[in-house]
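There are 2 protein chains.
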Amino acid sequence: MSAARAVRVAVGGTFQPLHDGHKLLLRTAYEIDGDVDIGLTSDEMARSARIRDVEPYAVRERRLREWIENKLGKRPNVMKLEDPYGTALTEDYDYIVVSPETFPVAVKINELRKEKGRKPIAIVRVDYVLAEDGKPISSTRIAGGEIDTHGNLLRKDEHEGSGRDQ
Amino acid sequence: MSAARAVRVAVGGTFQPLHDGHKLLLRTAYEIDGDVDIGLTSDEMARSARIRDVEPYAVRERRLREWIENKLGKRPNVMKLEDPYGTALTEDYDYIVVSPETFPVAVKINELRKEKGRKPIAIVRVDYVLAEDGKPISSTRIAGGEIDTHGNLLRKDEHEGSGRDQ
Chain L
0 MSAARAVRVA VGGTFQPLHD GHKLLLRTAY EIDGDVDIGL TSDEMARSAR
50 IRDVEPYAVR ERRLREWIEN KLGKRPNVMK LEDPYGTALT EDYDYIVVSP
100 ETFPVAVKIN ELRKEKGRKP IAIVRVDYVL AEDGKPISST RIAGGEIDTH
150 GNLLRKDEHE GSGRDQ
Chain S
0 MSAARAVRVA VGGTFQPLHD GHKLLLRTAY EIDGDVDIGL TSDEMARSAR
50 IRDVEPYAVR ERRLREWIEN KLGKRPNVMK LEDPYGTALT EDYDYIVVSP
100 ETFPVAVKIN ELRKEKGRKP IAIVRVDYVL AEDGKPISST RIAGGEIDTH
150 GNLLRKDEHE GSGRDQ
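Order-wise, the sequence lines are chains L and S. To convert, note that position 24 of the first sequence is 23 in numbering that gives the first Met the number 0; the numbers rise steadily by one, no gaps. To convert, note that position 52 of the second sequence is 51 in numbering that gives the first Met the number 0; the numbers rise steadily by one, no gaps.
This is chain L alone, in the form it adopts within the complex (with noise of 0.2 Å):
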């Protein structure tokens, strides 16, 4: 680093529940060795993009502050996003950390700074975590009793020979 700042990593997300594709995202944010903001959606905007029930915030929030210090070792900076920006708009974030899936929010969000004449975060796009049968883990998977937080196919009966012994 040229100056004595430290680099400024944005992540952020629902992280219900909290599944191998949030890990890696996580895990790769904390990987750039720098200070993490962690976005933590509200209530409101978790829940009207959702058709499924989440968990309220204080829920969600000691959870993942609970695997990061116990897994990673790091003390959590969490905060609560309002809307997909956060503080994103106004932070010069160096990084910011980001699924396929919430890939274009990046892009949206460098579009808006270059509007208002801020300097672009560089974008970290992870790659999804592939389940058992090979397509992405994701909550509604989950939540819809497809697959577990790891990936692995909790319906055998009806996915006859799609098990890992098979």
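These aren't lab readings, by the way, just hints derived from the structure by calculation. Any given hint could be a false lead.
The list cannot tell twin chains apart, which means a pair is met if one copy fits it or any two copies do.
As the list claims (entries may be wrong) - Below, computed lysine to any residue pairings styled on SDA-like, alpha-carbon distance capped at 20 Å:
#1 K113 to D93
#2 K107 to E60
#3 K118 to F102
#4 K107 to I31
#5 K134 to L88
#6 K115 to A57
#7 K22 to T139
#8 K134 to L23
#9 K107 to G33
#10 K73 to D32
Put chain S on the given structure of chain L with help from the hints.
Same frame as chain L, now just chain S:
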């Protein structure tokens, strides 16, 4: 995009032996639908980082070209890398596609670009492709005779119960 300028994509490596991890990297780069520049390490650079033997640049380039032309139906633009950064410090790429192994190089590239007042490049971090045993496919493991380029275990007798069918 606001201008008519084509999207520019950078990807790089030694690409020997060309394995499923490299193929995912290349597929992802071309999936972005822009002009892809492939940096291929010079013999000096490739050999300085490895104990094992590396085939000459011309051989690696030919194999890389053949695979891209035959499998992706694209005309590859291959350029020699004499250092880990190549043209990524001076050219305004929109994307750089990397593996988890080379992710820190992309972070470093953006750091160096920033020092020169250049815009950051969006990093697309493609995950490892896993071998049959759940560990990443790597050129080192292939060169060591442990797995083939698709990640199949080759020393079945030494790894009891490690096959996909067990």
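The hints, checked one at a time:
1. K113 to D93: both (15 Å within a copy, 9 Å between copies)
2. K107 to E60: neither (26 Å within a copy, 31 Å between copies)
3. K118 to F102: Answer is both; intra-copy 18 Å and inter-copy 18 Å each pass.
4. K107 to I31: Only across copies: K107 and I31 sit 10 Å apart there, 22 Å inside one copy, limit 20 Å.
5. K134 to L88: This pair counts as neither: shortest intra-copy Cα distance 32 Å, inter-copy 35 Å.
6. K115 to A57: Neither. Shortest intra-copy (33 Å) and inter-copy (43 Å) distances fail the 20 Å Cα cut-off.
7. K22 to T139: within (16 Å within a copy, 27 Å between copies)
8. K134 to L23: both (16 Å within a copy, 15 Å between copies)
9. K107 to G33: between (23 Å within a copy, 13 Å between copies)
10. K73 to D32: within (11 Å within a copy, 37 Å between copies)
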